[in-house]
Amino acid sequence: MAADKQTNLLAKQLFKLSLVNGVVSPEQVAGVLGWVEQYAPHRPVALLKAYQHRIAIELAKSRAVVEHAGPVSDAALQQIAAAMTKRYSRAITASAKPNAKLLAGLRVRVGSDVYESSVASQLATLSV
Amino acid sequence: MLPLLLATVEEANHAAASGPLAGLQQTFEHFGVEPKLILFQLISFLILFGVLYKFAIKPTVATMEERNAKIAAGLKHAEETQARLAAAQTESAAIIKAAQVDAQKALDEARKVAKEFGDKQQAEAITRAADLLAKAQQSIELEHQKMLNEARSEIARLVVKTTEQVLAKKLSDADRAAYNDAATKELASL
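Keeping their order, the protein sequence lines are chains A and V. Take the first sequence: its position 107, counted from the start at 1, is 107 in the numbering used here, and no numbers get skipped. Take the second sequence: its position 56, counted from the start at 1, is 56 in the numbering used here, and no numbers get skipped.
Isolated chain V (complex conformation):
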């Protein structure tokens, strides 16, 4: 093949020496290139290109553009969704924070109320205990006084009974007569 290329180059150099168009024409002829065939091939190529463009390239491009649009819309939707998600996260964080603040307030209020209630209950319990203690002391005092009175009465009864027995034995008629005289004077003076 190398000798063929060397021959072609030599002919081209020879043609170039005689003029550019004549050289180009000789080259085409040497390779068998016919202008008519080239024209028909060009026309066929254009027809084929038009058919392919109409029925293959154009729908494909349209489909691709549509797909690109869909992808772009999807990306845009994803960005919007992400933005909404971020906003929702921010909002939820704010809501959670507000809820935490409210919960803390409610907790503090509940603790305060519980403490007040506990203090009140404790005060009432102390008061009731004091009342019970006072009543118990009063009851004990009354019971003690009652016991003392009963003991005093019983002792007095025993003393009187013993005294009666002693006097019944020890009093002489003279003593009784003297007492009777005194009693007579007392009753007569009523």
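Chain A extracted, bound-state conformation:
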């Protein structure tokens, strides 16, 4: 069921209430969920889906998913997290995700942005 305009507007307000200093706060999110549970606003399921979507997008912005083929050290992850934190001017944590299709190298995904330095990408460039 698609959320209507009023539901989207309420989800946006609840999402803003969930941020503390531009970062999603678990305590605030818990408070928002409690408010929804207590007052049961109009179309609660659509509201919670829209709210969850916004929270997921925001969390993805503060998380760097590092896809890798072969071993990657914690120091490398920390180094990438620091570089992304500096680049986006917000705290970003890095998490590793194995991807054998890369052959060798890394692919970093922050929100909708993708940074890649891998053998697969270079071979793909050659094949174009």
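Some clues are possibly wrong.
[Stated by the list, open to error] 25 Å max Cα-Cα, derived SDA-like pairs, lysine to any residue:
| no. | chain 1 | residue 1 | chain 2 | residue 2 |
| --- | --- | --- | --- | --- |
| 1 | A | K97 | V | K161 |
| 2 | V | K58 | V | A69 |
| 3 | A | K16 | A | Q38 |
| 4 | A | K101 | V | K169 |
| 5 | A | K97 | A | L48 |
| 6 | V | K185 | A | Q38 |
[To be verified] To give an idea of the interface, some chain V residues facing chain A are shown, with a C-beta separation under 10 Å as derived from the structure:
| no. | residue |
| --- | --- |
| 7 | Q26 |
| 8 | L52 |
| 9 | I96 |
| 10 | A99 |
| 11 | R157 |
| 12 | V160 |
| 13 | T163 |
| 14 | L167 |
| 15 | A177 |
| 16 | Y179 |
| 17 | N180 |
| 18 | L187 |
| 19 | L190 |
Everything labelled a hint here was simulated from the structure, so no lab data went into it. For each residue, glycine too, the CB sits at the ideal point set by N, CA and C.
Model the placement of chain V on the given structure of chain A, informed by the hints.
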């Protein structure tokens, strides 16, 4: 009869010897010629001649003259007709000659126009053929280039796929770790 003629000649010679009139008179008497009868015959002849002249000779002469006039008119008309015919033949010959000249001019003009039209058509056909040839060559060139690009892409795809398979088998963890370190430095420096 000969003795009668000899007697007459002898009497005439005898009368001539006595005078010309007396001789002539004796001759007339000898032959039975009477002056009165001759006068009456002369008068009858004149009357007959007058009647014949009035009712036969004169109309006949008039008819003949009329016929002669008609014949003369016919001859004159025939001459005029012949003259007109000759003039008409001359005129028709001139007209035919002029028509032939005009026809020849028209024919020459038509030939000239036809030649110009043929030359123009030929030039246009040559131009169109050249355009078609150029377009065909361009199309062939594009098709050739497209085929080369497709072949190049397919070859590159096969090479990349083969390389991926080889690298997936041949790359060791140490190689991957070294590459990952290099990638980390590259991404951190963005």
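Each hint tested on the structure:
no., hint, in the structure
1, K97/A x K161/V, "holds, 23 Å"
2, K58/V x A69/V, "holds, 16 Å"
3, K16/A x Q38/A, "holds, 19 Å"
4, K101/A x K169/V, "holds, 12 Å"
5, K97/A x L48/A, "violated, 28 Å"
6, K185/V x Q38/A, "violated, 50 Å"
7, Q26, "violated, 176 Å"
8, L52, "violated, 146 Å"
9, I96, "violated, 87 Å"
10, A99, "violated, 82 Å"
11, R157, "holds, 5 Å"
12, V160, "holds, 4 Å"
13, T163, "holds, 6 Å"
14, L167, "holds, 5 Å"
15, A177, "holds, 5 Å"
16, Y179, "holds, 4 Å"
17, N180, "holds, 5 Å"
18, L187, "holds, 5 Å"
19, L190, "holds, 6 Å"
In terms of the numbered hints stated before, the structure departs from hints 5, 6, 7, 8, 9, 10, listed from lowest to highest.
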